[in-house]
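*Asks:* Sequence:
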Amino acid sequence: MSYNAGANTLLGFFNHISRDDDRHLVPQICAYALITGSMSQEVPSQSAVYLRQEIKDARMVEIPDADHFAFITRPVVVNALIEGFLSG
Numbered sequence: 693m694s695y696n697a698g699a700n701t702l703l704g705f706f707n708h709i710s711r712d713d714d715r716h717l718v719p720q721i722c723a724y725a726l727i728t729g730s731m732s733q734e735v736p737s738q739s740a741v742y743l744r745q746e747i748k749d750a751r752m753v754e755i756p757d758a759d760h761f762a763f764i765t766r767p768v769v770v771n772a773l774i775e776g777f778l779s780g
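Per our numbering, the very first residue in the sequence shown carries number 693; after that it's consecutive.
The hints are simulated quantities; they were obtained by calculation from the structure and are not laboratory data.
Ranges of calculated distance between the beta carbons of each label pair, as one might list FRET restraints:
| no. | residue 1 | residue 2 | range |
| --- | --- | --- | --- |
| 1 | 775 | 748 | 21 to 27 Å |
| 2 | 759 | 706 | 18 to 24 Å |
| 3 | 696 | 746 | 33 to 39 Å |
Every residue, glycine too, gets a C-beta built ideally from N, C-alpha and C.
Work out the full structure: start from the sequences and follow the hints.
*Replies:* Next comes the structure, spelled out in structure tokens:
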């Protein structure tokens with residue numbers, strides 16, 4: 693994906709989007725939320741813990757040995773989690 697994005701797109705991400713701090717908006721989320729955590733380097737598990745604490749009634753599930761793209765690399769696990777979340 694990044695290979696085809698081009699240098700300007702990647703620089704734009706790292707210079708702008710990756711530095712956004714929207715934490716003040718998180719407590720305003722009033723939708724059901726299922727948060728997954730993992731040992732990924734892309735998004736530290738502390739981020740998932742923070743979201744679980746700040747979003748009212750959010751649920752968090754740790755997926756061992758999953759990366760940031762668990763929905764692609766662990767689809768059976770992720771789909772089962774989503775199905776259980778939506779039916780519960």
